[in-house]
Amino acid sequence: MKSVKRIIVREEYCIGCRLCEIHCIVRHSKSGKIIKAFRSEKDAIVPAVTVEQKGYTSFALQCRHCDEAPCIEACMTGAMRRDGKTGAVLCDRDRCVGCWMCIMVCPAGAVRQGKCREAASKCDLCLDRDVPACVANCPNEALTLGGDA
Amino acid sequence: MSAAPYLIVGNSAAAVGCIEGIRSVDRERPVILLSREPYRVYSRPLVSYLLAGKITDERMFYRPPDFYERNGVEAILGVTAVSIVPSRKVVETADGRAFGFEKLLIATGGRPVIPGDVPGIDAPGVFTLTSWDDARAIKAHIAGNGAREALVVGGGLIGLKAVEALVAVGMKVTMVELSDRILSATFDRAASDLARETLERAGVAVRCGTTVARMEKRGGMLAGAELRDGSSVPCSLAIIAIGVLPDLSLVEGSGIRTDRGILVDDTLRTSAPDIYAAGDVAQAPAAEAIGGGRKCIPILPNAYRQGFVAGQNMAGRKRTYRGAMPMNAVDVLGLPTISVGLTDPPEGSEYEILSALDREAPWYKKLVLKGGRIVGAVFAGRIDRAGIITGLIRDRADISGFRDLLLSGDFGLISLPAEYRKHIVSGAGIEV
Chain A
1 MKSVKRIIVR
11 EEYCIGCRLC
21 EIHCIVRHSK
31 SGKIIKAFRS
41 EKDAIVPAVT
51 VEQKGYTSFA
61 LQCRHCDEAP
71 CIEACMTGAM
81 RRDGKTGAVL
91 CDRDRCVGCW
101 MCIMVCPAGA
111 VRQGKCREAA
121 SKCDLCLDRD
131 VPACVANCPN
141 EALTLGGDA
Chain B
1001 MSAAPYLIVG
1011 NSAAAVGCIE
1021 GIRSVDRERP
1031 VILLSREPYR
1041 VYSRPLVSYL
1051 LAGKITDERM
1061 FYRPPDFYER
1071 NGVEAILGVT
1081 AVSIVPSRKV
1091 VETADGRAFG
1101 FEKLLIATGG
1111 RPVIPGDVPG
1121 IDAPGVFTLT
1131 SWDDARAIKA
1141 HIAGNGAREA
1151 LVVGGGLIGL
1161 KAVEALVAVG
1171 MKVTMVELSD
1181 RILSATFDRA
1191 ASDLARETLE
1201 RAGVAVRCGT
1211 TVARMEKRGG
1221 MLAGAELRDG
1231 SSVPCSLAII
1241 AIGVLPDLSL
1251 VEGSGIRTDR
1261 GILVDDTLRT
1271 SAPDIYAAGD
1281 VAQAPAAEAI
1291 GGGRKCIPIL
1301 PNAYRQGFVA
1311 GQNMAGRKRT
1321 YRGAMPMNAV
1331 DVLGLPTISV
1341 GLTDPPEGSE
1351 YEILSALDRE
1361 APWYKKLVLK
1371 GGRIVGAVFA
1381 GRIDRAGIIT
1391 GLIRDRADIS
1401 GFRDLLLSGD
1411 FGLISLPAEY
1421 RKHIVSGAGI
1431 EV
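The listed protein sequences derive, respectively, from chains A and B.
Just so you know, we're using my numbering here: the first sequence kicks off at 1 and counts up by one.
Just so you know, we're using my numbering here: the second sequence kicks off at 1001 and counts up by one.
Bear in mind the hints are in silico, worked out from the structure with no lab data behind them.
Please note: incorrect hints may appear among the correct ones.
[Stated by the list, open to error] Looking from chain A toward chain B, a few residues come up when the C-beta cut is under 8 Å (computed):
#, residue
1, Leu61
2, Thr77
3, Gly78
4, Gly98
5, Pro107
The C-beta atom is built at its ideal place from N, Cα and C for all residues, glycine as well.
For reference, chain B alone in the conformation it holds in the complex (with noise of 0.2 Å):
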């Protein structure tokens, strides 16, 4: 068995930032792309819009249909990976075969937590929606059976993204969160309360404080759903959004060394040699201005980047990966926000906060600072130019010289020292 210069396990953004960071470096030599899914790279953040009736089949994919060509790769795609033999440099397939390696890129992802202590969660009409697969069982479960009236449990982005597919389908829409308020992990009470509001004005029902007890099957198919409170809520179709965890199925059993994700140093490789992990499967060294560490934080712009950085040193070129952030920019049914690092920092004098809100607008505009530096920052209504405040935030910029200015309207490059703007005007390149 010859050994494939590169191999990479995973099919989605940090695969793609891998070859891409492969590719910077070294244009000759051959890369091995194993994906369980049968499809080309798609975006995996599009299954909602395609739920949604946004966009048709052919905008799902990630790159250029000649992307894999183009770039040397060959793709061997509905084919599961289940075994590495580090001392070998080895990957086993379901299938029997075995892929000898010189580097490796384990970029797996996350898959979507199911609980396990609700009866009937296994009837038909419950899914999750985190793959193309998912998004057109639920399309032609609808279609089918007529569904009207649907239940999203979770109410995180993949929640929110959820009911938003369904409202644009016609549905009769519960959201329900256990947490006192929606998308907690991201947002601050005010951003909640806001996207909520948003929510409400749809025609969604959203019940905080509570979650799915059991669910209930007629004919054996699903007819509705039991809260924790004892409420009960008609539905044909139940979303299970209530989080997604990292895939570490692979790695199982090979010694590589892993904690919530696959650990990883900050050039992405793993405790094996010559083995790295990237994206949403990885525990990744974390931004400083979130506090260090190293952490899971399953965004895509994360997998990107740090399947480039992997890439890069698989390619021999020594980088160093900046750290992650956690970040989002999502759209509430029109209203646009944007969360940046720290955004609802725990009681105490460490922090600081400035905000503004204008209920009716909608707009509202947070910063949380520490020690003279930006940490965090919320965005709902106007988004213009956050960017500037997520490369403060990244720069570990001293803002004491223009604190005053950061909530004004007009705030742009030109509250900055002149140093600092011309830093940003005249960078060649600029990190995430």
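With the rest of the complex left out, here is chain A (with noise of 0.2 Å):
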């Protein structure tokens, strides 16, 4: 299974600005403004991105869309499933009733509870976009854009 997108991390370039956790929550907010979306829909969004920082290192991780993936495994309604056409790993939020046996698999801790607390949010690699927001918006190309894995 490839992979049409895959983000890669560069840790040595990141520099722990944050800005593609603020452009995830702006890109999955319903208004996809950056006020509206700070204002009011916040609380809502937990960001398919993670910065970690300790000291002078940090770096970004999202979902790693794994070839075989261990929460699509461990899935037990079948919401977690591959897409077919690009090989990303999805979160079917209408299917998923939040057992968190993904959280429980995710060697990367990519996938988080909803705010909701019902449904495992994680990236959806920004599928209907070029680019994803957090590669998009990383001012240091901390995060890129790598073809077919």
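Two chains, two separate frames, one set of hints: put the complex together.
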């Protein structure tokens, strides 16, 4: 199974600005507008990219869209699935019941409880765009887009 | 009789894993699947959600409606396989048909244990809860009898999900568990206590150290239960959830080796050539972290993975199974919990425990260490990023360099050595 897109994490270029988290939230908000998203929608959205920081080291990480994805194998409802066209690992929130098996098995810690605590929240690779929001808004190319993996 | 290139008996997570495993190697040759139940593949763990009214019948399915067709599977539903003749490579069904095979997967799952020594246990109103039909029958019973009081026998995961469902539909529920705490197979005492307190806050009566001695009938229907301690619990509905055992009926007399379950090697092959087994029916190699050997660990992620590895081997790609590990993620009436590996080790200096508990919040985190590695973990209340720990257990990672960070609130990949972090971040695929 090939991914059309793969986000490459380049730890040595990350400056820890967290713009990726902000733009992930905006991109997945209803309004799509930064001010509206932060005034009224922020509490309902978990960013699917997380910046981890310790001392001078930082990096941003989102779902790795693994080839044999543990979250798909562990999903008891079939909500976590591989998109046939793109190879992305996606969570169908209508079918997710929030059992958190995916959180239990993701070695990257890249699946989170949604704010409503009912559906798993994870990176969808911004499939309706050419470039994911986190990559497009990274000022230092610490997140870049790879081709077919 | 022509032999099917691939024959699968069973129609749940292991069967689906097998189909997807076969199709990752062989897109062409047909698969025949035999299923006792008349439904296309559904999610067994969802039956308690259906009973609770949290989901509808339409949401029970584990794969899309075109799953069989898209994967070249002829699914024969509602037929019971009754015997295997390994020497002739044939499976016989209850309706007198015979299916030849080149490669066979046995994925017949488990069946709920019913205690044999409880008078009245066959009373109308006594159920198990492992199948779609079970959930339907219980719903019909509640609707038809206006049942308001229920007894759940067994304080394990199925019992817990049964309690949760019955609470959700407004019943007064009593749970009885023979051991001295609930969820004793998956949790340690502190996590069991948190779970019990959560149930009790929701109005559930939890009675440990006893179980049902006799079911009482009135007018031919269940009316109550007498417990071993002499007390009685009025109830017009009871769910028996004291465990599941591998369903070995299909292999009886076949010569295929069994112990608790069907014994398989690290390719998921049974003692017979070309015959594989996976899922709750199999006794498969267990992960090193929990001491290896061959164990029955009836959980969905293991079933899927075993099926997948079996499928690839059946299709000719040599693939070895990394070993089953007990792990469960369960929401206890709003308290999310995760348990992985060895959570309640025997007393002794071999093991070291790191733990933090906040009863009020409530949250709890515990790690079991042995020889500089993590071998088990429990999370309750806060579960974000638990999978990083699961990965460390799986990979048998040496944690000596970051041991002191394991319990910290901001523990993450950044706490790990750069090399391990790179392995996670750049890994193309990671096995469960």
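Taking the hints in turn, this is what the structure says about them:
The closest approach between the C-beta of leucine 61 (chain A) and any C-beta of chain B is roughly 6 Å, which is under the 8 Å cut-off, so the hint is satisfied. For the restraint placing threonine 77 (chain A) at the interface with chain B, the shortest Cβ-Cβ distance is roughly 5 Å, inside the 8 Å limit, so the hint holds. Here the hint on glycine 78 (chain A) is kept, as its CB sits about 4 Å from the closest CB of chain B, short of 8 Å. Annotation: glycine 98 (chain A) was flagged as interfacial toward chain B, and the flag holds, the nearest CB pair being 6 Å apart, inside 8 Å.
For proline 107 (chain A), the interface hint holds, the least distance from its beta-carbon to any beta-carbon of chain B being 3 Å, beneath 8 Å.
When the structure is compared with the earlier hints, no violation turns up for any of them.
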